[in-house]
Amino acid sequence: MRSIMQQDFRLATEVATIKRLKDLDFTVFNRVYLGNPFCLDFRENLLAVDNLSEAIRLVNDAGACPIVSLVAMPANDQLPLIDELIEVGLAAGTGGFEAHSVGVLHRLSERKDVYGLTIVAGGFSNIYTRRTAILYAEKGATLLVPNYELPWEAIESITAANPGPLEILIHGKIPLGLSDSCLLVERSDDLGTKCPDSCLSDLWLEFHKWSLKSFGKLTSSGKDLCLLPEMPFFWAKSIRNFRIAGVAEKPETLNEVGQVYRDVLESLQKSTAVPAYIPEQVRMASRYGLCNGYLYGRSGCDWVEQHLQAT
Amino acid sequence: MGKTVLEAGADAVFAGPKGFSRRGFEYELTSEEIRDLCEFASSRGKHVRLAVNSYPDDRYDEVLWKTVEECVAFGIQALIVNDPGFCRELRRRFPVLGIHASVGASIFNASDAQFWKDCGATGIVLLCNLTPNQVKPIAAATDCELEILVHANRDFTFLGKCWLSSYCAVQSIMAFSHTKVHGSPNRGGVCYQVCRRQWVRQANGNLSTDLPNECQLLVTQLRDYLAAGVTTFKIQGREYTIELMKQMIALYSGIMSSLSESQYDLSLSGAVTIARQIEELRNEERRERTAKLVSDGLIAGGLS
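Chains as they are written, first to last, in the numbering used here: chain A, 1 to 311; chain B, 312 to 615.
Excised from the complex, chain A in its bound form (with noise of 0.2 Å):
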């Protein structure tokens, strides 16, 4: 269990599996969003309910905190799961819940047992403005997620309005589109795989010097967003929610790159130096390389070397 000093900051990830969860090293992670809230028939996703109690018991027995990711996009015959999954969450100690729609903020704003948790408007309920930051924070949502292809001054714009908290993507693939289908399954005579297994597959798809990773009805940025450098920065605007994308890694990635983002954390805790290079580990972990664009007002995919500074 860490000391209250040491939870000044928040790392979180993303897990879809009880397998993958049990493999997470909460010494790094202290939230976890449970889940793949993009496709419900990830194989032995956390949202088919089942295993959903036992996640959110493991997280809170770690210490760290367990977020439910909701379904993302659902549709009129899913909303009823949405409640279920909200349910099954209060009762087993859930310390909050994801939102990346309207309408599922919505149904969790109807909600008063849901008060005093976290709700977080994720990365797909398009926070590009301050009011619609404050909307949200209006209609309860206590952590917000900007828009991932946002810039810098759009992400400060947000943060003078004092909307609440915002937690920043800092690291993985980059989610870059959701699909009502999936192309995996309407390709799956062609991949030679099915369902639920086509998405695990290692599967991207290049044109010259762009990829991206299909999950099938998630499509993902093909290089890993890295804002290592900028953690200095982060720190100095006070920002302290950080994410590292991990819905489709494997735990060890996750566990080896976390760990780099959170020694930086704890260093800029105790106001000691922190390295200024990016190590091995995390540029290993990439098959496609490195990226920060969005944050530079660039494409997503670039790299600027230039970083930026607090004054």
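In case anyone wonders, no lab produced these hints; they're calculated from the structure.
Beta carbons are placed, not taken as given, at the ideal position from N, Cα and C, and that holds for glycine.
Treat the hints with care, since some could be wrong.
Claimed, not checked - Per label pair, the in silico range of CB-to-CB distance:
1. B/Ser488 <-> A/Arg283: 33 to 43 Å
2. A/Lys194 <-> B/Glu373: 46 to 56 Å
3. A/Val304 <-> B/Ser488: 24 to 34 Å
4. A/Glu305 <-> B/Gly386: 45 to 55 Å
5. A/Asp25 <-> B/Glu373: 41 to 51 Å
6. A/Glu305 <-> B/Ala538: 53 to 63 Å
7. A/Lys112 <-> B/Arg404: 30 to 40 Å
8. B/Gln527 <-> A/Ser267: 46 to 56 Å
With chain A's structure known, arrange chain B on it following the hints.
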């Protein structure tokens, strides 16, 4: 284009003000042009709706509200928006103005619709992939005017939940007191349609793969959508030629007229044939424009 489609039979036309819609400057109108269009529409008992369907950058608030106030004074019937916070602020400033949640707001279920209604929306543009049966619970949940795009392009992602373009290529262009971020429609620029490239799949051998992208041209289901609660049919058409738009409007005007007649099913078979011809023309026009966007994207992305 705006005047022509109204003359051709459309009841209302959407116009994007410079800098705030999801298109290039060439497809947007100045305040003077919007005023002219409003006067033209009003003289014929028709309407102009303003498409502020990007997520307007906080930095351009002053220009944004000046534009909106001007256009409201010109007599626009409604605004179409994507940003929920902007919707709520619009409602506060203009208590009786029509406000429509755009298709990019990704309204997919009754709870999404209720959220927008609470923010002040009076209309909802439904996602193209909603069937009439999926529309019914949304209609039951709100009293908002429901619209559906009878003609649109359907990409493989939900509209409003896609950032593939800006991940690959971004180009900022300053004009009309704004920075347009091409590559990001949500930030007011064009989509470079990188999904239309021949991506090479790196698994089980290297195979080229097309990402799904199709023309939506609804014809046979219009009565079902009406029965489900849809009251407005919308044609996506800013980038197409006037001739093609006239043909689309004539097609749908014909179908709508026949809906109240016993000849509906008979006229529908003819309409399907016409729709196929229109689709071919549309695809031909789109090919050229898509090639231009893709080419621009390659340049912006440093691949050309």
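Comparing the hints with the structure gives:
1. B/Ser488 <-> A/Arg283: 33 to 43 Å: holds (42 Å)
2. A/Lys194 <-> B/Glu373: 46 to 56 Å: Hint holds: Cβ distance 55 Å, inside 46 to 56 Å.
3. A/Val304 <-> B/Ser488: 24 to 34 Å: Roughly 27 Å apart at Cβ, these two residues keep to the hinted range, so it holds.
4. A/Glu305 <-> B/Gly386: 45 to 55 Å: holds (52 Å)
5. A/Asp25 <-> B/Glu373: 41 to 51 Å: Holds - the Cβ-Cβ distance for A/Asp25 and B/Glu373, about 49 Å, lies within 41 to 51 Å.
6. A/Glu305 <-> B/Ala538: 53 to 63 Å: About 59 Å separates the Cβ atoms of A/Glu305 and B/Ala538, which means 53 to 63 Å holds.
7. A/Lys112 <-> B/Arg404: 30 to 40 Å: With a Cβ separation near 31 Å, A/Lys112 and B/Arg404 satisfy 30 to 40 Å, so the hint holds.
8. B/Gln527 <-> A/Ser267: 46 to 56 Å: holds (53 Å)
The structure shown violates none of the earlier numbered hints.
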